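All chains, full assembly: derive it from the sequences and hints.
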Amino acid sequence: MDYITDISKLDQSKRYTYADYLTWRVKERIELIMGKIFRMSPAPSSEHQQIVSALHSNIYQYLKNKSCRVFPAPFDVVLPSSSGKQDNVVQPDISVICDLSKITEKGCTGAPDLVVEVVSKTSVKKDLHEKYALYE
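Heads up: the sequence shown is residues 16 to 151, going by this note's numbering.
Because the hints were derived from the structure by calculation, they are not lab data. Since the model is a prediction, treat every value here as computed from it, not as a measurement. Among the hints, a few may not be true.
Subject to a maximum C-alpha distance of 25 Å in a straight line, what follows is the list of computed DSS-like cross-link-like pairs (lysine-lysine) [unchecked claim]: (1) Lys100 <-> Lys79; (2) Lys141 <-> Lys79; (3) Lys24 <-> Lys136; (4) Lys100 <-> Lys24; (5) Lys140 <-> Lys100; (6) Lys24 <-> Lys51; (7) Lys29 <-> Lys81; (8) Lys121 <-> Lys29; (9) Lys136 <-> Lys42; (10) Lys117 <-> Lys81; (11) Lys51 <-> Lys100; (12) Lys79 <-> Lys117; (13) Lys51 <-> Lys140; (14) Lys79 <-> Lys51; (15) Lys141 <-> Lys51; (16) Lys121 <-> Lys51; (17) Lys51 <-> Lys136; (18) Lys100 <-> Lys117; (19) Lys141 <-> Lys42; (20) Lys24 <-> Lys42; (21) Lys29 <-> Lys140; (22) Lys29 <-> Lys100; (23) Lys121 <-> Lys141; (24) Lys24 <-> Lys141; (25) Lys42 <-> Lys29; (26) Lys79 <-> Lys140; (27) Lys121 <-> Lys24; (28) Lys100 <-> Lys141; (29) Lys140 <-> Lys42; (30) Lys81 <-> Lys121.
Encoded structure:
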């Protein structure tokens with residue numbers, strides 16, 4: 016199988032699926048929302064990471080002896096669109112999954128029970144509009 020290793024080789028106007036996503040070996044972090052490619056920032060700010068770390072730590076401690084699991088990004092969450100296609104692959108800052116059958120080797124298939132997005136100036140539009148609509 017030929018893997019795509021350079022994001023510039025992808026047609027930004029095309030709609031992709033999770034099956035396509037699995038064939039890519041690009042260095043950049045990307046998400047698919049309604050089949051469209053969204054580039055993620057290469058590295059979040061230290062303030063963002065401190066907030067995510069504190070939240071993850073507290074949630075992890077709370078769930079320590081419970082059946083739910085908590086995962087920090089990068090962790091793929093695959094969500095179907097209204098048409099049923101698996102054309103949404105997002106990486107929330109924190110995902111809590113209680114239905115352990117949703118957890119795969121690559122991430123989670125289906126909606127997590129809790130999603131946390133730490134919004135920054137560079138991600139506010141995508142997080143509060145495109146991703147929020149998916150999570151809702």
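Next on the checklist: Of all the hints numbered above, which does this structure not satisfy? Sort the numbers upward.
Outcome noted: 1, 2, 3, 7, 14 and 26
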